[in-house]
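J.: Chain residues, written in single-letter form:
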Amino acid sequence: MTSPQEDTRYVEEAGTTRDIKNPSYFEHHGNRKKMLKLINFVLLAAGSLMILSPLWWMLSTSLKTMAEVMSFPPTFFPESWNWSNYIRTWEAAPFTQYTINTLVITTLVVIGNVLSNSFIAYGFAKIPFRGRNLLFAIVLATMMIPGFVTLIPQYVLFAKLGWVNTYYPLVVPAFFGSAFNIFLLRQFYMTIPNELIEAAKMEGASHFYIWRKIGLPLTKPAIATVAIFSFNGAWNDFLGPLLYLNDENLYTLQIGLQVFKGQLNTQWNYLMAGSLLVLLPVIIIFFFFQKYFIQGINLQSGGK
Amino acid sequence: MKKLYTIPAAFLASSLFLTGCAGFQTGNNNDSSAENEEGKVVLDFWTFWGSEIRRPVIEKIITDFNESQDEIEVQHTYLPWGDIWTKELAAIAAGDPPDVVINDINATALRGEQNQAMNLSEFLAEDDISDQFYPELWDATLYEGDSYGIPFNTDTRVLFYNKDAFEEAGLDPEQPPTTWDELEEYAAKLDVKNGDDYERIGFYPLWGINYDVWMLNANGHNFINEDNEVLIDTETNLETLEWLKGWQDKYGDDVINSYKAQIDSQQGNPFFNGSLGMYVSAPTFYTQIRDYADDLNFGVAKLPEMEPGNGHTSWGGGFVAEIPAGASNPEASYEFIKYLTGAEAQEYWAVQNFDNVANIEAAESAAQSDEFTEDGTMVYSMATEYMSDTLLTPVPVSAPDFMGSVNPKIDEVFLGSKTPKQALEEAQADVESLVEKNTRE
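For the record, the sequence lines run as chains A and B.
If you're matching positions, the first sequence starts at 1 in the numbering used here and goes up one per residue.
If you're matching positions, the second sequence starts at 1 in the numbering used here and goes up one per residue.
Just so you know, these hints were derived from the structure itself, not from any lab.
Careful: at least some of the hints might be erroneous.
As the list claims (entries may be wrong) - Label-pair distances were calculated between CB atoms; the ranges are:
1. B/Ser433 with A/Pro73: 29 to 35 Å
2. B/Gly220 with A/Ile100: 53 to 59 Å
3. B/Thr373 with A/Leu59: 47 to 53 Å
4. B/Gln114 with A/Thr142: 55 to 61 Å
5. A/Asn236 with B/Ser369: 42 to 48 Å
6. A/Phe76 with B/Glu144: 53 to 59 Å
To be verified - Distance condition first, Cα-Cα at most 25 Å in a straight line; then the derived BS3-like pairs of lysine-lysine:
7. A/Lys126 with A/Lys201
8. B/Lys60 with B/Lys163
9. A/Lys201 with A/Lys220
10. B/Lys60 with A/Lys261
11. B/Lys163 with B/Lys189
12. B/Lys189 with A/Lys261
Model, not experiment: these values are computed from the prediction.
Ideal Cβ placement from N, Cα and C applies to all residues, glycine included.
All chains, please: the whole structure from these sequences, using the hints.
T.: Encoded structure:
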């Protein structure tokens, strides 16, 4: 992502030094500027094309016949545009049901993450209590344990609760906070001046009220980030649904897509069509909430 | 104020609505000793066969079984290839496994040793069905003499060759190469070079299969034998590795890698349009030729032997049907497995999927099936005959992951940073210490 920007800066600098030495610099200044803009544009466009090319490959494969996918050498543009692939993909498995299932899980996970994490983070940031730092350190320490280590014990636990083959194991944990989100939101709450909280308390506001009336509105960007990342996480989650769901009617989109991948061969055209359809909501969300996405990434890298 | 209440309110409303959803009803999992309304035992059967082709076939077999008797009702659950076993492991650990699962044949003994699969010897003592299956497959299911899974399907590796290209190169299209020397000679004749580029490559041994298959082909045994002896740094393996390196030197990395990317991606294969003269693959590769390169005039042959009389040993794999440890209705599960691996179901599977099956009787009658085309029959019957020369590579219990120590060493040979001798010596030493460590405990 940064390379086109760096390139542009380089071109600008190179242009400027050369310009000063050149006597005609002042006469053609306007043209020069346009020229630089053009170079910028071309470089950025080339960079975007490069980044978009895998996406094009997906789209193009999704429209080919299987015979064309298998042809050697590969073709860049489909010989015929088989839009019917999309219909066949959708019909190859109960994808409408899978979409509803995925939406249900994702919605609840997003709600759970937003509510629980902001609530917990507020506590860590603004309510002084004994052992707060120790407890917070323990919360952060849970980030050190890789998910695979807790996989089996967690499964055994949920199995004992009788939750296997339900959505509870996928949804309920979201209502109990996650270390990274707590950390992220806590940093945000820390920026709210204590005087503000004190003042509200003087007026007789409870912590719950302060969280709702002051905390939530002031941390909106961070909450949006948490919401977006939990949406992405839940929407793309494969292992969770795989482990906990046995009934095919409860499957999610990510499991549904695997239908096209077999032991011996893969139906690439359908797989790509399906993947694009599943990717669509993520892309749409990205378009609308770009700002928060980028902020979130900055926060993440800043945090680490 | 009002706005702020909408979030919890919406949440409450949706959760109330959702508790009505199927995903939030507990107790709808196939409980262990499940019985349905008719009093039948319900079995949960996990497979990774979800494709348009395979799914209808396995579901037909299940329906046939369900209708053939009135005690057991089998329900099919599709799970994604590969991930199915992650899930199975978790389910076994939680004590709530499925009743029957399809699993990799080569690791059956390992699962027996680790108590993941059920010992089937009790059932076999009553009714020994072992002689219905290819002995090589049956032996792979044994751990300390007891069987932990019944073989279901299998495969082998065969040489596909382009008959038209043979004719063009002045070779007899009915005489495929039978030795490594012939393979080299024919490949050279099939090569068509245009400047520095190849219009056709005769053959490259490491597309489609790995070095270990050629070593198996050369020496006819696995890297670790039953007595836990490590047989990696051997004269034959060294000669094989040098021979393979020779091919790499002949075509050069640029050519090899550009084709390999295409072959590995399983999108297209240079064999389809004649830019590759010979190719080693499983017999099911025929279905791709049938579907994507219908005009191709091809033949199929055993893997060439290292020297005349050395043997045409090939490599195969396959799957077993097994009962996970802790399953609650082993008798019923075994009853279903017997049907699944019986001649009738196996033949149906073989013919519909063009897949090699483990049941000998079924495999032989499938080879005669008139549902195959001429080419199909040619490939299928050749593969069936070839089963006698096909070896499996069961995972040795003494060092299940030993290939993880061998592969990087061999990779270095092809990257040019180790000589074949060095690589084999080091791999030998590493695996020996691995085996020693594991057997001592």
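J.: Holds or violated: A/Lys201 and A/Lys220, Cα atoms, limit 25 Å.
T.: Holds. A/Lys201 to A/Lys220 sits at ~22 Å (cutoff 25 Å).
J.: Given the hinted pair A/Lys126 and A/Lys201, is their Cα-Cα distance within 25 Å?
T.: 12 Å, holds
J.: Lying within 55 to 61 Å: is that true of the beta-carbon distance B/Gln114 to A/Thr142?
T.: For B/Gln114 and A/Thr142 the Cβ distance comes to about 29 Å; the hint is violated.
J.: Please test the hint of 47 to 53 Å on the beta carbon pair from B/Thr373 and A/Leu59.
T.: 35 Å, violated
J.: Can the suggested window of 53 to 59 Å be confirmed for the beta-carbon pair A/Phe76 and B/Glu144?
T.: 56 Å, holds
J.: Would you say the C-beta atoms of A/Asn236 and B/Ser369 sit inside 42 to 48 Å of each other?
T.: 44 Å, holds
J.: Note whether the CB distance of B/Ser433 and A/Pro73 lies within 29 to 35 Å or breaks it.
T.: 46 Å, violated
J.: Are B/Lys60 and B/Lys163 close enough, with their CA atoms no more than 25 Å apart?
T.: Roughly 38 Å separates the two Cα atoms, so the pair is violated.
J.: Can you confirm whether the C-alpha distance between B/Lys60 and A/Lys261 stays at or below 25 Å?
T.: 21 Å, holds
J.: Would you check the hint for B/Lys189 and A/Lys261, treating anything up to 25 Å between C-alpha atoms as holding?
T.: 38 Å, violated
J.: Taking 25 Å as the top limit, are the C-alpha atoms of B/Lys163 and B/Lys189 close enough?
T.: 13 Å, holds
J.: Just tell me: holds or violated, for the beta carbon distance of B/Gly220 and A/Ile100 against 53 to 59 Å?
T.: 56 Å, holds
The structure is inconsistent with the numbered hints 1, 3, 4, 8, 12, although it conforms to all the rest.
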